[in-house]
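Undergrad: Now for the letters of each chain:
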Amino acid sequence: MPGMLPWLSFAGILAALLNTAGKAEQVNENNLKAAYVYNLAKFVEWPPQSFQNATDPIVICVLGESPVQNALAEAVNGERIDDRKLVVYRYAAVQQMGHCHLLFIASSERKHLRSILRDPKTSGMLTVGETADFLEEGGAVNFRLEGNRVRIEVNMNAVEQRKLRISPKLLSLAQIVRK
Amino acid sequence: MFQGNLSIRQKLRNIIMSTVCAALILACAAVLGSNLAALLSSMRNDLGVLAEIFGSNSTAALAFGDQKAAEEVLSALKAKGHIVGACIYSPDGKPFATYRRAPESREFTVPPLGSDGSRLEGGRVTVFRRISLRRKIIGAICLESDLGEILSRFRDSAAIVLVILLAALLLALGLSSRLQRIITEPIANIAETARTVSLGKNYAARAVKTTDDELGQLTVTFNEMLSEIERRDAELMEHRDRLEQEIAARTVELVESRDKAEAASRAKSAFLANMSHEIRTPMNAILGYSQLMMRDPAPSADVKKNLKIINRSGEHLLALINDVLDMSKIEAGGMRVHPVEFDLGSLLEDLAGMFRLRAAGKNLKFDVLVDGEGPRRLVADEGKLRQALINLLGNAIKFTERGRIQLRVSVERRDGGGLWLSCAVEDTGVGIAQKEMGTLFLPFVQTQSGINFQAGTGLGLAISSEFIRLMGGRITVTSEPGKGSAFRFAVPVEPGDPAAATREALHRTVIGLPAGKPAPRVLIVDDERNNRDWLNQLLAALGFAVREAENGIAALRTWEAWRPQLILMDVRMPLMDGMEATRRIREDPRGGKTVIIALTASAMEEDRLAIMQCGADDFLSKPCRQRELLAKIQTHLDLAYRYEGDETPANTDPLDAEPVGPPEQLPAELAGALREAVRDGDKYRLDELIREVAEQSARSARALQELADNYEYDALTSLLETNR
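Chains as they are written, first to last, in my numbering: chain A, 4 to 182; chain B, 311 to 1034.
The shape of chain A in the complex, shown without the other chains (with noise of 0.2 Å):
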């Protein structure tokens, strides 16, 4: 699979900073992209209505076939962000979704991302990818492999958008466009 080695070498730093694997060679790719994608919702504020109350648990939505899921699901397992305990679900079709403040939209719907991104569903969620066109598309946060480093992009105007506020720290870490 091409673009794993960078993953994979971010893999044995970030294992060491989430604690939560063994040995830097087991970890697999999906662990990293739950840990990205789990790193992520730390530096991100959801408009208040988007939650009934101050425990209102943040769920992270994962759409199409990834393994990534179980891997995350793992990785937020009893963690918290503030007050709020994070739940994941795994959607097939965008049909089938209900509410999510972080939408994490695997590879494998890479053809349908157009319609996904477009469907009002999606409109007050924070949507990440990982997919070259992912932002052209209307995704707002999405992990490209630049080298052997892995670049976080941000669509500002996805953001603003979607009335979500990212972190500065994370924003002076990441390339900024508007599209």
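In short, the hints are calculated from the structure, not lab data. Don't take each hint at face value.
Example chain A residues on the side facing chain B (calculated, C-beta under 7 Å, incomplete) [unchecked claim]:
(1) 42
(2) 45
(3) 90
(4) 173
25 Å max Cα-Cα, derived SDA-like pairs, lysine to any residue [said to hold, decoys possible]:
(5) 378/B - 178/A
(6) 446/B - 168/A
(7) 446/B - 171/A
(8) 378/B - 149/A
Here the structure is a predicted model, which is why all the values come from computation and not from measurement. Built from N, CA and C at the ideal position, the CB exists for glycine as well.
On the provided structure of chain A, position chain B as indicated by the hints.
TA: Frame of chain A, contents of chain B only:
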């Protein structure tokens, strides 16, 4: 401290300056210390804040493992020059990203991850801070800073503080030298006043009071003290003046009382001299005539013996009179020892003669025992020895009713080589009670037995004891009441000239001057006719050419005209006394040849000395003993007498040629007048009448005169009765 010799001004300045210095240095140290602490603390805070910011800024880099991003974040520390280095740690404690101020140097090594907080170590401050993201620790950051910045800031503030310190010290110095005058000036003022007082003894000086504080009080007190001293000084002066006046007054008083006492003493001396003169004058006659009578060969041996007793008793009476004088002299401390050469045998013979009769009268046995073979010629104060023995023997006879009186005498050499005369007077009389022993030798204290006898002056033992003491001995007494007493004494004596002993031992009687030589001219000067008469009779009988004078003026006239070889000069006379006459004769260039022998009744040594100083060659005490008088005349005129028992007895005594017998027939009128004068006891009238008789019959007059002078009025009466 070495401040002892500094002035108060300097001391005060030192105190102020050292206090100020200490306070300022402390304050500066405190300021600088707190400054440093504040700097350090603020630095730690700043570092903490910096670590917080940089930690926070690197959360995303950490979260996404972006080491490059983390290093980029840290590179912003370049703006903070004092940060030596920084490091971001991953959660497992491994360095994730580092920053170095000087990448090439080794000034920063990444420290192992420590707990949160700052530490100061080796001139570096290191801060650790955990980095958390959404309440979850995701790593840590470490910042290390050198102290360069705070040190330079500290130096700046220290320089400022130092400048302030110096300024403050200068100010303090200026102020202290100005302010110390407040203290030192009054003190200097007082000190100056004290010096003025001490140098000039000027207690009127005063210190000026300038303040109302303790120093002002001190000034006031000092001035009060000066006033007090001034007052006391004045008092002292006054007291001294008064004392001097008092002393002067006392001295005057003392001089007065001394003069009075001296006058009284002189009066007493004069009285004593007068008394002795008055008493001795009749005694002179008594003794003189009894001696004359002894020269009469006609009376029987018994009469002669009786006359001797009269003579000696008279001498004893004289001695008794002398007792009182002696005692007063002893009490005045004026008694002295006059050692003369004498014959012990004669002394004892005299004593035996005096007391044998009295002892016989009381039926007492009287013995004089001489022990040992010591010399008989001795040198000692014979008069005092004689008087002591007379007193002791007199007492022994007085207090003894039966038994015996014994006088034991011995002369022996003692261990020291000195010659001692020991005497013991023992009796078998009433004895002396033990309790009276203590007062026995005190003057005017008589024993009970003495009082019982109602006789004596009570002076005898006191005088004897004192005489023996003066001669160097001591009287001791042992007594047993009812059985008798023994008085013993011993006195040191000197051996005399044995040759003189043989010469005088003869006791020969002078019977005249050698025949065939011009009779020596003798002038008798005395205001008492009796005295002139007996001397005239004595000397004329021996063959001297005699003239008389009744006072000094007459004596001078006779001396001018007659040029006598010898003058017997009485001292006390009316018109001109013997002293004046002697002086005038000695003043005359031709007066040196005449021998003058002064006759004085005075017992006073001063009087004798006075007459000798006037130029007399010798003196004789009145009443004078015939033998003594003849011996002195012999010595001074260098004569050879004819003695009784010489080979050519030539009886030239006019008395012997004309024995006293009934006077020739006197005119009845004259005889009646004589009888009347005798009956009245009018000696003066009697003398006048006898002079009338002398015009008719010198022999009868001489016989009458002799009886009259001896107050033998009974004999006179019977003689005159036969003349009817």
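Undergrad: Are the hints correct? Go through all of them and say.
TA: Here is what the structure says about each hint:
A hinted interface residue such as residue 42/A counts as satisfied when its beta carbon comes closer than 7 Å to some beta carbon of chain B; here the least separation is about 4 Å, so the hint holds. Nearest Cβ of chain B to the Cβ of residue 45/A: about 5 Å, under the 7 Å cut. The hint holds. The interface hint given for residue 90/A is broken, as the beta carbon of that residue sits about 16 Å from the closest beta carbon of chain B, more than 7 Å. Taken as an interface hint, residue 173/A checks out: its beta carbon lies about 5 Å from the nearest beta carbon of chain B, inside 7 Å.
For the hint pairing residue 378/B with residue 178/A, the CA-to-CA distance comes to about 14 Å; that is within 25 Å, so the pair holds. Simply put, residue 446/B and residue 168/A have alpha-carbon atoms about 20 Å apart, close enough for the 25 Å limit, and the pair holds. At roughly 18 Å between alpha-carbon atoms, residue 446/B and residue 171/A fall within 25 Å of each other, so this suggested pair holds. For the suggested pair residue 378/B and residue 149/A, the alpha carbons sit about 14 Å apart, so the restraint of at most 25 Å is met.
Checked against the numbered hints above, the structure breaks only hint 3 and satisfies the rest.
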